[in-house]
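Asker: So the sequence lines, in the order shown, correspond to chains A and B.
Using the working numbering, the first residue of the first sequence is number 1, and each one after it goes up by one.
Using the working numbering, the first residue of the second sequence is number 1001, and each one after it goes up by one.
Treat the hints as calculated values from the structure; they're not laboratory data.
All C-beta atoms, glycine included, are put in the ideal place defined by N, C-alpha and C.
There may be inaccurate statements among the hints.
What the hints assert, rightly or not - Output of the computed footprint for chain A on chain B, the stretches with three or more beta carbons under 8 Å from beta carbons of chain A:
id : segment
1  : 1003–1015
2  : 1024–1032
3  : 1045–1052
4  : 1077–1091
5  : 1130–1138
6  : 1169–1181
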Amino acid sequence: MTDTAASAPAGLEAKFTTCYMCSCRCGIKVTLENGKIRYIQGNPDHPTNKGVICAKGSAGLMKQISPARLTKPLLRKEGTERGAGEWEEITWERAYDILVKRLSKIRSTDPRKLAFFTGRDQMQALTSYFAKQFGTPNFAAHGGFCSVNVATGMIYSIGGTGWEFGGPDWDRTKYLVLFGVAEDHDSNPFKIGIGKLKDRGGKLVVINPVRSGYGAVADEWIPIKPGTDGALIMGMIHVLIANGLYDREFLLTRTNAPQLVVVDQGGEEEGLFWQADGAPDSDLNTNYVWDTVTNTPRPYGAKGVKPALLGAFTAPDGTKVKTSFQLLSERALSDYPLEKVAHITGAPVEKIEKIALEMGVTARDETITLPIEWTDTWGNRHDKVTGAPVAIHGMRGLAAHSNGFQTVRALSALMMILGTIDRPGGFRHKPPFPRPIPPCPKPIDDPELIKPNTALPNPPLGFPTKPENLMVNADGSPVRIDKAFSWEHPLTAHGMIQNVITNAWRGDPYKIDTLMFFMANMAWNSSMNTARVIEMLTDKEADGSYRIPFIVASDAFFSEQAAYSDLVLPDTTYLERYDVISLLDRPISEYTGLVDSIRQPILTPPEGCEPFQETLIKLAGRLGLPGFCGGDGKPLFRDYKDFITNWTMAPDTPIGFLAGWRGKEGRDHIVGEPNPDQWDMYIKNGCFFEFELEESLQYNRNINQGYLNWALDHKFIRRNDPIIMKIYSEVMQRFRLAAQGQRPGRQPATKAQRERLVKYFDPLPFWYPPLEDGAVDRKKYPIHAITQRPMPMYHSWDSQNAWLRQIIGQNFLYINPIKARELELSDMDWVWAESAHGKIRCQIKFSHAVQPDTVWTWNAIGKMAGAWNLDPMADEARKSFLLNHLISEEINDAIVGRVSNSDPITGQAGWYDLRVRIYKAEEEGSWPQFPALKTPPGVAARPERLRYTTRSERS
Amino acid sequence: MPQLALIIDLNKCVGCHACAVNCKSWNTSGKFGPLPEKTPYGKEPTGVWFNRVQTWEVGTYPDVDVLYLPKSCMHCAEAPCVAVCPTGASYKRAEDGVVLVNYDDCIGCKYCSWACPYGCREFDEADGVMKKCTLCVDRIYDTRLPEEERKPACVLACPTQARVFGDVQDTDSAASHAIAEGQGFRLMPESGANPSNRYLPRRKVKVTVDQEMITVRRAAAVKSVRKSVDIEEAVIEDFGF
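Just chain B, same shape as in the assembly (with noise of 0.2 Å):
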């Protein structure tokens, strides 16, 4: 069965936000929308967010790190938000996998955002719904956009290119490739819930410095420039070369 699924590199987020804000510019007007804001211009505005952008310290001064987590709904196998709907308004889509719910059903109860390990549900106060990611399945599948636009709003934007998009059943596809390739892992798999959604971890780059190289060359160079007048002898020595 097909998963559809978003792979996100989190070697290359650098949290910028682009992900989160274009997913709002589209899916508040589209088929899922709107995303509305509450007191948008007052204390503490809100609003329906289907993506959201976390920052997170690893670590004590000075070996930390900051990561930035982009999370949107997961797409689990064994969603739990689709188990625990009173209404059947929550399900999965068997051709794709996504994770949809349908606005007419939902009564609002938020037993599913509850039962969400991640967080990722947003309710619509206005409407009385629930929202969440719907990998922009009113984009993905529409003929009259050009082809390589018919992806979703996070992938389009991301300046980075940290995410990748696509069938993580299809062993051939981008997506499991990316997994493969940059280790992927899945968040809280303790969850059981199966996640589709994969991360990559960051992986540190080290250059390595032929010693003996720069021990040879050291000497020409220091050579050269104490043949060059007015630097003395004493003064490079003095830096612990």
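Next up, chain A with everything else stripped away, as it sits in the complex (with noise of 0.2 Å):
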């Protein structure tokens, strides 16, 4: 360790932290002047950001003299109705009888109760571990309107996926694709790379609809129509098969491409990978390849065996197999010609064509070798690693529609066959990853575990592999609020958030009695279908009491949702708390090691904010919850800053929030000890710790024995086998059989609900059009809607930044003028955009840089009136508007019914499937409009002008 205190001219104060101004979380250096902040500057030794910083990070400054800052706990007025701005200030003290005495009530009752849902945050295992031990399965993040369909697609295919979990090889890729990716939150990393593939004469490829950020410097772009992501990458999957460009090497070796599949109908085995002397399906079963030296069925990595890639075989008990490689080819091949695919997406057969072969012989042709020696998990010694430099990222393009989890499995297939994961050149895993495909925590199966006054046995969210994982009750009904881990969406390992409001308005699957947010603007840009979302908030029962009882919210700004809650716990910003960024929540790893790091105050909070961590703590303490209290119900911790350096996993697992300095001297690291210094030696090393692993464990993670005994050793893993990657997935299979009834153990309670897991839940990657393009007249609405996100604002929550606000503050609706003219608009007009959902009145501006059959516009810049103490007459919320309002956080489905509008697999909420239909209006100014919030209590005035200075005086 180093002490490298922040230097700083003579007079000012410099310290380091870490930046939460969105979730890409850099190093930053932040000097100080007469106690306010003078500068903030990337942190030039740290591994994210290496020293640069993006204008989020830039505008921090401006986040702490924001005049929409809470600084008092708010109790909604008794006899006054939510959302009408009556507020009682109170204090801490008062705030914590009344969780307290509601929470315990709860606890001792139903703990489901407790609907505990965040946004944004990066604390999720504290948040979660707080739920966990509360007893409610009722938790979950954002995840679910965010980007689960990627971070599942790739974690059930290749054992890791992207942003802080892996990535494209900046140092060595030269042909990068990007599919639906303009900004990421990966923010600095992609920029820095980005900066790095140019420099290097290489190619960027960005395919989406828009072309803006990074595909505004994109040597090639293929404007492709939303949704049809899947069918472009089932194309160029098929161009490569048929051109014989796919890494026969990597596929037998890391895949299961060559692992033969039942083909014969009708029984428990189909479609599962054949057995010798049919042994149970199992997640730990050995599959079995065909052994072309003996032309029979042998133990897959065996010593000798020279398996087939492609074929169809009978094994020696009469079954008929096919390798998981032939059945993709044949999908490919006979379900993806490239004039359909053409058709489908928009972009023309030569294009796909040419990217395919572009992809394709890059990675054939320009092999790079590293001299680095490695042993496999067969025990096959190494003298050197190979790889290719072609690269793929996807994000919320893929992510955000109903069949997005399907597309990122043929995004993980295209990865697979041009050869190019955790080799050099193209994907890289971070550690923690890879992980077992799935990971091993699983959601609770069991409801008879969720009781009053008890921990749950394991946290509330998990990857189930099979139909015994889900969180439903013996009828089939969910468990869950969310109706996560259902017959209905089996795999969201995320949660749904988008569906927990309208869920606990309607009582379905049960009445809830508190809803706790945290950093989640549910009231607003948050939810879809926000002004039905309002009125839930605010709906009463027959007796005249809330639908939903009970609201908490904790915020550091007074947001929409902060105005609908009864209860509002004003929380501190990232500049004025101690913080960790953990390698058991979301680290920030690099490819060559691990990564995680603090944030310390840099500043004092106003009298009365208190961080949400220490409330947590606090609270907690006062339930008596196991984990934080002992066993005779006293806390254990005194505050955030002790929990985080005392708690360990359990007595015989010394893991905690922290990886860096532990033991008690300091020395250990990952494993030992809880150090009470440790928070200090974070500090002295500019607040982040990295371990950098050996160079041999830094390649093939997935089959480097060296890493599998390296991650198990540090209980990153529960076992050192290799992570075979899922060509073909069992699970997907699994789920189907079920539903097939083909298959002993759950079997889904309705009809319908068999038919759509038949239908979806198919273990190829495979492309459906979006389920909205199902349910409403594609005729009557023919434009897609989508939203991007401002670089400048992605992910900041900062419209009430007084600089950030001035780059962006009004959002157009951008339309191709060829389109336009079709619809007789003139440019600036006003029209009316109106979905099947409903309608809402924007300004649209020209734009050539999108997709004629799509219009777009920037995310949550619309704000309602008074929100963020902005001027109510705001272009946020005059001009300004949400697409949020024409999206249905339910759809009505032709299988199912009413049921969520998401991935029918993950629970992704599908808000880029929205389809439009725009004219022209004849009034001006957006609508819907709703009446001006009330500036609450606490809250400072807003000042007419701003000049800003840490200076005493002008010299």
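Hints are included, so try docking the two chains, each in its own frame, into the full complex.
Answerer: Structure below.
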């Protein structure tokens, strides 16, 4: 450890901490002058951002002076309406009394009646632990409307995913293809990487209906219709297979491509991997390949076996089998001829073929060789690591569609075919990934385990591999309020925050008592069907009580959700608190090793604000939650800082939230006794900890035995078996077999559920039209409508930021003039955009950089009048708009009827599936409008002018 | 005579605004600050920015480029703003070519903003004086800062490293090399102001695929796929290969 005290000019003080203007979490150096922030810059030594910083991070000091700042706990005045803005300022003591009384009662009767959902917080290890110890299954963060399709689609295929968990090898890639990405939350590393790619003369291809952000510097832009990426990728796979441009060795040694699938129809084994001696279906089965030497099935990876990659065979027991790759080849070649793909996507045949061939040829011909020795899982020693400079990354353009999971499965298959996973030049994992496919934690499969005054046996979220893992009751009904892990949405690894309010309001599957939100603006831009959601938040029973009885929000700023709550807990900003970016949660690791980090307070929070972390620890202490309290019911931890220092997974597992400087002397890492000086050691090291893996453990980690042993020793995985990637997903097939009645064990409750599972749980990736296409009249609503996130605001939660709102304060609906002329619309016209669900009025702007059947706008610029303490007449309220009003959180599905408008596999909200029609509006100004929110007590007056300086006087 | 300037690579700028906002963060409390805001939380907020990023579309669908153009004072060799200033408040420093405004002498007549061909002057209504990019002269010579941090804030911040800073008169500087190698150009050279900042143009990368190799491999692949049962020859040929 080196002491890296931040340097600053004389008279000024500088400190390192970790940014939180978005989820990228860069290292920053904050210079102070006269007790105020003089300057925020990137920490040059920090592995994430290496000294650079973005617009949001640079604007952090404006967050500190925002007039939207909440400074007192607020309680809705008795007898007043929710949302009416009549508040009583209360003490924290009173706030705790109210919460403890309410939550104790819930916990001792029916813990499910607390629903605790968090937004883009990166402290889910703590919030989830709180929910688990409380005993409620009703916990999740925001993944349901964000990117769970990308996360799970890849985790169920290659054992890892993007962003902080993996990404392009920026130091070597020469051909980068981005699907549905204009900016991402791994923001600065991505931009640094694009800079490097450009310096190297590499090619950037961007596939996106809109050309913006990264797309602007793309060497080739392929505009396609939203929701059709899956077809495009299957078309590319078609080209690669038809031209022999697949990495045979990679497919044979790292994926289940050669493994033999039972193709005989009708039995319990149909579509599962063939097993010798009829071994029962299990996650731990040894799978078989067709050995071309002996012409018999032999175990995958067995010595001397030369497996067939393609082919159909008859096993010794008479079973007909085919290799996974044979099945994928048949799928790609028969179902995805390029003319059909071109018709679906709108991309010309020549383009699809050109890009696929360029990827394939670059991967084949430009081999990268590094002189690094390593040993694979079968004991073979290698004297070099090889790879190819082709990398692929996909994000929300894939995720936010109801066909996104299978699209990301296709993306994963494409990467496998090119052989560019965890090899130099391609996609690379970041520890603690790769993990088993899928990772071991499972949802709570037995509702009897959810009991009063009892902690849950495991966390509320997990990764099902079979119907037995679902959270359903004996009658098949969902256990969770959001219906995650139900027959309707089985692989809901991130929960379904987007349906919580609607379900709680309807009392389906049951009524709850308290809804608690942290960093989630569910009364506005984080909900679909926003206007109706607000009605639900204020709707009452016949007896005059609210249908959702009690709503608690923790927020640092006066958001719409704060306005529509009963109890508001004023949080601190990221510059005012201790915090951890933990390996147990969403770390900031690098391809080469582990990284975690902390925040330290740079400024003192306003009196009356309390970090939510602190609130949770105190609340857990007062509720006597196990894990936070000893057997005597007394709190084990003084405060959050003490909790982080001393909490460990279990007495015999000395792993805590922070990996660095563990052990009494601070000499251990990852595993080690608590160290009382751990926080100080982080601060001395610039607030982060980096552990670089030996070079031999940095590549091929799915089958790198050295790495797998290391990961097991450090408890990142529970088994050190090879993590064989899944071209073919047996998990999918198990659900399909259950639905077809061909599998013993849990069966879907209804015929419709069976039909739905059979349709979508295909073990091979495939493309199907987004659900909205089947639910609405496509002729009436012919135009796709999507959003993009502006780089200066992505994830920054900050339209009250005086600097950032000057960059984008009004959003337009961008439309291609080709389409506008067809609709007889002029540039800057006010129009109605109407979906099957509702309509909004907004202003259009012409842009050639958009696919003509698509319109788009910036996300989350529109505000409810008065929110964030902006002038109620501000552009954000009067000219800007949310597309959310047009999107329904539920859909009338042809198979199952009313159901969440989300991916039938993962529950990811399909908010990019939206279809609209557009016509001229007579009036100007955005619509709908809502009564302006009243400014609550404790919130400062809005200044008319701002003249920010930290200098005492001008010189 | 040395001339400090910025070289901005349009092939790397993704329009993130980091340069613009970090400039504001450094300069509002700097020697040439503050950079004030009017109605910061109201209708049509405006403020003083030394650096702004414009977005342009070039061409028509589908052959359209989106171009981000960060723009700040060009520190022109023949700076028109200096020539028109009635009080001498606008001046160009001999030692490094940086164009600055002496706020004590500025009377806020705005002649300079009318004269600037690039629209890179920012009037501070609160103080009644004209402000502009200083190339962070209050950073770049500050020996109390680590040497690698003695750069303009926009250069330090830029995530894609699209900015090079240096003396464009020194043929050996990184800035001069960037101009030479990247075909650096001046914005609107016809202005006659001889701007010192340069931009590097877009450079599209093309990948060539050897069609002959593809044909050879394709024949082998098709054979291998055909050999495996269940895919009929006709199916493959239908795809037009």
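Asker: For every hint, state whether the structure bears it out.
Answerer: Okay, the hints, checked on the actual structure:
1. Coverage of the segment 1003–1015 of chain B by chain A holds. Counting CB-CB distances below 8 Å, 6 residues qualify, and the rule asks for three or more.
2. For the segment 1024–1032 of chain B, the assignment as covered by chain A holds, since 6 residues bring a beta-carbon within under 8 Å of that chain's beta-carbons and 3 suffice.
3. Proximity of the segment 1045–1052 of chain B to chain A, defined as three or more residues with a beta carbon under 8 Å from a beta carbon of that chain, is established by the 4 residues found.
4. Requiring three or more residues with a Cβ within less than 8 Å of a Cβ of chain A, the coverage given for the segment 1077–1091 of chain B is violated, as only 0 such residues are present.
5. Here the segment 1130–1138 of chain B counts 0 residues with a CB under 8 Å from a CB of chain A, which misses the bar of 3, and the coverage is violated.
6. With 0 residues carrying a beta carbon less than 8 Å from a beta carbon of chain A, the segment 1169–1181 of chain B misses the three-residue requirement, and the given coverage is violated.
Comparing the model with each numbered hint stated earlier shows that hints 4, 5 and 6 do not hold.
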